[in-house]
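Engineer: One letter stands for each residue in the lines below.
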Amino acid sequence: MGDFPAMLELNVGGVHYTTKLKTLLSEPNTLLYEMFTGNPSDIIKDAKGRYFIDRDGVLFRYILDYLRDSAISLPEGFREKERLKQEAEHFRLAGLTKTLNQLTENRPPGCITVGYRGSFQFGKDGLADVKFRKLSRLLICGRVALCREVFGDTLNESRDPDHGGPDRYTSRFFLKHTFIEQAFDDLQKSGFRLAGSCGSGTSGSSTDLKPGVDSEENRWNHYNEFVFIRD
Amino acid sequence: MGDFPAMLELNVGGVHYTTKLKTLLSEPNTLLYEMFTGNPSDIIKDAKGRYFIDRDGVLFRYILDYLRDSAISLPEGFREKERLKQEAEHFRLAGLTKTLNQLTENRPPGCITVGYRGSFQFGKDGLADVKFRKLSRLLICGRVALCREVFGDTLNESRDPDHGGPDRYTSRFFLKHTFIEQAFDDLQKSGFRLAGSCGSGTSGSSTDLKPGVDSEENRWNHYNEFVFIRD
Amino acid sequence: MGDFPAMLELNVGGVHYTTKLKTLLSEPNTLLYEMFTGNPSDIIKDAKGRYFIDRDGVLFRYILDYLRDSAISLPEGFREKERLKQEAEHFRLAGLTKTLNQLTENRPPGCITVGYRGSFQFGKDGLADVKFRKLSRLLICGRVALCREVFGDTLNESRDPDHGGPDRYTSRFFLKHTFIEQAFDDLQKSGFRLAGSCGSGTSGSSTDLKPGVDSEENRWNHYNEFVFIRD
Amino acid sequence: MGDFPAMLELNVGGVHYTTKLKTLLSEPNTLLYEMFTGNPSDIIKDAKGRYFIDRDGVLFRYILDYLRDSAISLPEGFREKERLKQEAEHFRLAGLTKTLNQLTENRPPGCITVGYRGSFQFGKDGLADVKFRKLSRLLICGRVALCREVFGDTLNESRDPDHGGPDRYTSRFFLKHTFIEQAFDDLQKSGFRLAGSCGSGTSGSSTDLKPGVDSEENRWNHYNEFVFIRD
Amino acid sequence: MGDFPAMLELNVGGVHYTTKLKTLLSEPNTLLYEMFTGNPSDIIKDAKGRYFIDRDGVLFRYILDYLRDSAISLPEGFREKERLKQEAEHFRLAGLTKTLNQLTENRPPGCITVGYRGSFQFGKDGLADVKFRKLSRLLICGRVALCREVFGDTLNESRDPDHGGPDRYTSRFFLKHTFIEQAFDDLQKSGFRLAGSCGSGTSGSSTDLKPGVDSEENRWNHYNEFVFIRD
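Listed in order, the protein sequences are those of chains U, Y, Z, B and V.
Residue numbers for the first sequence, in the UniProt record's numbering: 1 to 231.
Residue numbers for the second sequence, in the UniProt record's numbering: 1 to 231.
Residue numbers for the third sequence, in the UniProt record's numbering: 1 to 231.
Residue numbers for the fourth sequence, in the UniProt record's numbering: 1 to 231.
Residue numbers for the fifth sequence, in the UniProt record's numbering: 1 to 231.
One chain only, chain U, in its complex shape (with noise of 0.2 Å):
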């Protein structure tokens, strides 16, 4: 270790880095580490004395940062993921790789259905105004392990409660609460985007309703869709 200065100068594929021996050696049993606690004369040079390494130039500003680190901070929506999974596996970085991995597998693409049937409530009672939303149930329809991963707590399986293994598909889940939005924000936090949306309202007269339903809240009756996924 003695051998090699404290600072040095690299040539990665064509692009120049310069960073510390300490930085370079920051974790063993890597590619890295093992070249640079050897011989020096093992690394070819180039003509203006640069260590050289014949990996892709661009990619290795990241393995530099999480030398730096010992974490890694992506841009939003980095879009070399897999290429850089490559340059870990090839540099023996077994952590960038498994935090590359679970920034991967464990957000596996898919799609979540979010579904209500709503209406408003309108007053019986004087209170001509309450005419706000009005739902009994929020129905969650996916893959099960998706569901899962979510809602957590908040997701109501009784209805489905012998659906086999994590990878089937229901259409019987539902949530504990009511908020729509709650929903949505979940699923925004899992890494969902809203791609696509139906609404249907619903037919027939109502004069055959039911003893104590309002008739109102019957004739706005509508089934709105909200179609969830992760790329």
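Hints are computed from structural coordinates only; laboratory data are not their basis.
Please note: incorrect hints may appear among the correct ones.
Copies of one chain are not kept apart here, so a pair can be met inside one copy or by any two copies together.
Unchecked claim - Simulated pairs of lysine-lysine, DSBU-like, Cα-Cα distance not exceeding 35 Å:
hint : residue 1 : residue 2
1    : Lys20     : Lys189
2    : Lys134    : Lys98
3    : Lys48     : Lys131
4    : Lys45     : Lys131
5    : Lys85     : Lys134
6    : Lys134    : Lys176
7    : Lys20     : Lys134
8    : Lys176    : Lys22
9    : Lys81     : Lys22
10   : Lys189    : Lys81
11   : Lys85     : Lys131
12   : Lys131    : Lys98
13   : Lys134    : Lys81
14   : Lys20     : Lys81
Since the structure of chain U is provided, determine the placement of chains Y, Z, B and V on it from the hints.
Structural biologist: Just chains Y, Z, B and V now, with coordinates in the frame of chain U:
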């Protein structure tokens, strides 16, 4: 301070910057201030005599911008806010850290739904062509704190006065005005985008209308719901 | 002016540019004009003899472009307009500042809704296949100034003549023509994009139709609403 | 021509390119041809002996590409078409200017709406499960020239034969086939994207149906409208 | 082969790369193999002694990546596939050309529509809360080859068995299961995205229901249609 030249060349992780000493010292109590008022021989230089800093070279562009103008203007849709925050913390730029925190904290992600029960106004008294959109109330649903942030004084909370903390969800807020587009503009100003929308008509014949209700208006009743999301 | 060479190398915050002296002097009363008609020894040089300017190196690309052509053509979807405006102000390029202001000020963000009550035309006289879209009016809702900017002469304001200032909102404008796609094209030309849409049918049996109303047309009545947003 | 070396180093506004003289002379009557068949001493050189061109350095990448292959392949979603056109004009590359004009002129922005009145086919004769989508006509609305460009021979203009010039709008075109997805594919091939969609059912009881109309089919009647936009 | 050094510096159109000779020779019968097993003096060098290649400098990054790993991993959403294919052809990298062709050819653009006639299941026998989504069939419409590629074994073609070639369009395919979200997941896996959606209810009173049909279920009938597009 007299020991450094007035203009310095920096090597930040391999990217080269040139700046004035005055710029680097523009904010006291920072890592750069400490470095460049100290002993020049304490800073490693690269082969070309540039002062070396072992951090991400690309993001240092914004560090310098901040030091030059004592303010930061990021590209629209900037995707490295979290990464930049790490750099600001490393360099102990409290002002920049605070600004970046405000950018992200003051605009928490979330969802707000705007709904309205609408119809059309039909002329009863010879104004045969009065057939514009008619609605009595713009319903606002979502997390209480978000709704307040976006709509401020135009929000009417009178129907949900005992809602507990700002983290509760409500579906009983509405606006003091009835201009949908004004609500949408307010949402846009707060960084929300329209992510989905649902429409539905009503059901039932108009035979059992209450006196004074226009039957044409009644036939055109519909409920439109717009989901706005902030990332 | 004779003291500077005809071609100069610049070091702008670490990014190197090469340009003609003539280009830098193309606009008088600017910071660059002042610098490069003054005393060369007043400008710091870097180690390679390049004239040093302590500003963002990347955005200087557009500063030079503007000086070369006395005009600026930005990339589509350019995300550093605000940052470039700061640079233009620093260099006192009044023309560029004005152009950038126009780009953002003349196109304020906002929302316009286009709605229509439509049906289909059914043949009464043997033209059994006349079943095209039929609508009587394209409704325009939004901030008055925005509506006027987009639709100009094709806007009919006759039903909301006393609307106060251009910052008021209206839901009583409509178009002089009935081609939805022409309205959409006009919105697109003004930089709006379609962000959401809602459809709904009507309710009620057609038993109580007024004389002269085609019952099939009546059954197919619907209201479609399209939300356009400009960022 | 003998006065320039076979390989040249260029300094284009500070960005360095290396290319063959042959490449620069590949198209006669251009500014580059003129420069590099003239007197070498007429071209300013930078300190490293590179031939200097006072234009945008980044876009010159595509100028060189064009000269190498006598053709241009731009990145998908390339955002500097207008800027590149300015460069092509400056260098008098007539072929490149023409290509860039075609890219933008031949694909004018605009909007086309596809609508259909649909239902489901119900089995009358024991085929209890014949319940597929049924529609009689795909309606096409928009500017005449756009509709023709997209749908070509599959467009039926018979119901709007006297439509004047191609800049008029029509809502009376339809397709010769009834495959929605084929229409969508044709729109996609022409660079349109689906920007919004609306659905609505019909109203009215089915008591007054004409003889021969299936009452179930009638109940499921709906009108779906799809807005396609080309940027 | 002995005539070139083990590590080479390349100047590709002005961008500098450093790589091992072994990397450049990793695939025989290519232009690079031919160049770097030939006579070194046949390759022009730049002023710094770098071997010169008159091609796009930026895309060469991926050419080198491919040679290093005998595989290519492109950035997500990579926008220069066509441009890279040109480079691969120029360098006669048959494997890379084939891979790039597969990326674009095996995933032709197109559109698939998923529709379903749905309702809700109402409890007849005391199970008052059985009110989940109910549907009997997921309809698949689009070009036959696309539908088969996406849905494979889960596709039921029995109602359109004589459909001619795979380029025909069909609206009579359906799925063997009834999980909407599984269909959406399959579409996402094949690179489709949800581009639009339409919902509509039914019309007509429920007075003339056939025996055994639940009137509530009937009232909630709706048709939702989802358009998926692959670019």
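Engineer: Look at each hint and say if it fits the structure.
Structural biologist: Now for the hints, and whether the structure bears them out:
Within a single copy, Lys20 and Lys189 get their C-alpha atoms no closer than 38 Å, and across copies no closer than 43 Å, so neither meets the 35 Å cut-off. Taking identical chains as interchangeable, the C-alpha atoms of Lys134 and Lys98 are never at most 35 Å apart, the minima being 46 Å within one chain and 42 Å between chains. Taking the shortest Cα distances, Lys48 and Lys131 never come within 35 Å of each other, neither inside one copy (77 Å) nor across copies (74 Å). Taking CA atoms no more than 35 Å apart as the test, Lys45 paired with Lys131 passes in neither setting, with 76 Å inside one copy and 72 Å between copies.
Proximity of Lys85 and Lys134 under a CA criterion of 35 Å is satisfied in neither setting, with 48 Å inside one chain copy and 43 Å between copies. Proximity of Lys134 and Lys176 under a CA criterion of 35 Å is satisfied in both settings, with 15 Å inside one chain copy and 21 Å between copies. Taking identical chains as interchangeable, the C-alpha atoms of Lys20 and Lys134 are never at most 35 Å apart, the minima being 63 Å within one chain and 64 Å between chains. Within a single copy, Lys176 and Lys22 get their C-alpha atoms no closer than 53 Å, and across copies no closer than 60 Å, so neither meets the 35 Å cut-off.
Proximity of Lys81 and Lys22 under a CA criterion of 35 Å is satisfied in both settings, with 26 Å inside one chain copy and 27 Å between copies. For the homomeric pair Lys189 and Lys81, the shortest alpha-carbon distances inside one copy (20 Å) and between copies (18 Å) are both at most 35 Å. Within a single copy, Lys85 and Lys131 get their C-alpha atoms no closer than 54 Å, and across copies no closer than 46 Å, so neither meets the 35 Å cut-off. Taking the shortest alpha-carbon separations for Lys131 and Lys98, neither the intra-copy value of 52 Å nor the inter-copy value of 43 Å comes in at or below 35 Å.
Proximity of Lys134 and Lys81 under a CA criterion of 35 Å is satisfied in neither setting, with 44 Å inside one chain copy and 40 Å between copies. Taking the closest pair of Cα atoms, Lys20 and Lys81 come within 35 Å of each other both inside a single copy (25 Å) and across two copies (25 Å).
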